[in-house]
Amino acid sequence: VHPVSTQKVRVRDPTAITMALSVFIGFGMPLLEAALRETSIQTWMRVTGIALMLIGFSIGYSANRIIAKNWSPVIDKTQEQQLVKLGVYSVVRHPLYFSGVLLLMGTNVYFGNSWSWLSTLLVLVVTLYRIPIEEKQLASRFGQEYADYKRQTKALIPWIL
Numbered sequence: 001v002h003p004v005s006t007q008k009v010r011v012r013d014p015t016a017i018t019m020a021l022s023v024f025i026g027f028g029m030p031l032l033e034a035a036l037r038e039t040s041i042q043t044w045m046r047v048t049g050i051a052l053m054l055i056g057f058s059i060g061y062s063a064n065r066i067i068a069k070n071w072s073p074v075i076d077k078t079q080e081q082q083l084v085k086l087g088v089y090s091v092v093r094h095p096l097y098f099s100g101v102l103l104l105m106g107t108n109v110y111f112g113n114s115w116s117w118l119s120t121l122l123v124l125v126v127t128l129y130r131i132p133i134e135e136k137q138l139a140s141r142f143g144q145e146y147a148d149y150k151r152q153t154k155a156l157i158p159w160i161l
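The opening position of the sequence shown corresponds to residue 1 in this note's numbering, with each subsequent residue numbered one higher.
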C-alpha cells in the first residue's frame, strides 16, 4: 500500500486540461442539441452511431489494457515508462485519441446533430495540437526506438494520418 501524498501536484501540461475541457464540450454539445431538437432520428443514423461508438470503445478498452501503467494524463514521460508497440499500438501511435474521436463522431451521428460537429472539430484540433508535443517528449525519452516506431505507424488514424 502506497501512502497518500498531501503534496500538491502541479500540472505543467496545459494541453491536458484543454483536452479534458474540449472532450467535455464534445460530449455535452450533442446531448444538449438532441434535448433541444423536436424531430426524430432515422434508424440508420442510430445504428451507425452505435457502431462508431462500439468501435471507439473497443479500441479505447484495448489500448488501455495494453498501455496499463505506462499511461499518463500529462505529456511528461518518466524513466519507468516503456514504449508500447503491441496490439492497437502496432497500427496507430495514439489509439486512445483515435477512440475518443470515434466516440464523439458516433455520439453526433446517433443523436443526429449538426452543430455538435463543431465541438468534435474542436477536440480534433486540440488533439492534433497535442500530438506533436507529446511525440517530442516520446522521441526525447525513447530516441531511435521511437523514431523507428513513428516511421512504421500512423499517428491518429490507422493507415491514413
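Treat the hints as calculated values from the structure; they're not laboratory data.
Worth double-checking, as some hints may not be accurate.
Said to hold, decoys possible - Cut-off 35 Å, straight-line C-alpha distance, at most; resulting in silico cross-link-like pairs (DSBU-like, lysine-lysine):
(1) Lys69 x Lys136
(2) Lys85 x Lys136
(3) Lys154 x Lys136
(4) Lys69 x Lys154
(5) Lys85 x Lys69
(6) Lys150 x Lys136
(7) Lys85 x Lys154
(8) Lys85 x Lys150
(9) Lys150 x Lys69
Taking the hints in turn, this is what the structure says about them:
1. Lys69 x Lys136: holds, 20 Å
2. Lys85 x Lys136: holds, 17 Å
3. Lys154 x Lys136: With Cα atoms ~15 Å apart, Lys154 and Lys136 stay inside 35 Å; holds.
4. Lys69 x Lys154: Between Lys69 and Lys154 the Cα gap is close to 23 Å, so the pair holds against 35 Å.
5. Lys85 x Lys69: With Cα atoms ~14 Å apart, Lys85 and Lys69 stay inside 35 Å; holds.
6. Lys150 x Lys136: Holds. Lys150 to Lys136 sits at ~11 Å (cutoff 35 Å).
7. Lys85 x Lys154: holds, 12 Å
8. Lys85 x Lys150: Judged against 35 Å, a Cα distance of about 10 Å means the pair holds.
9. Lys150 x Lys69: holds, 21 Å
Checked against the numbered hints given earlier, this structure breaks none of them.
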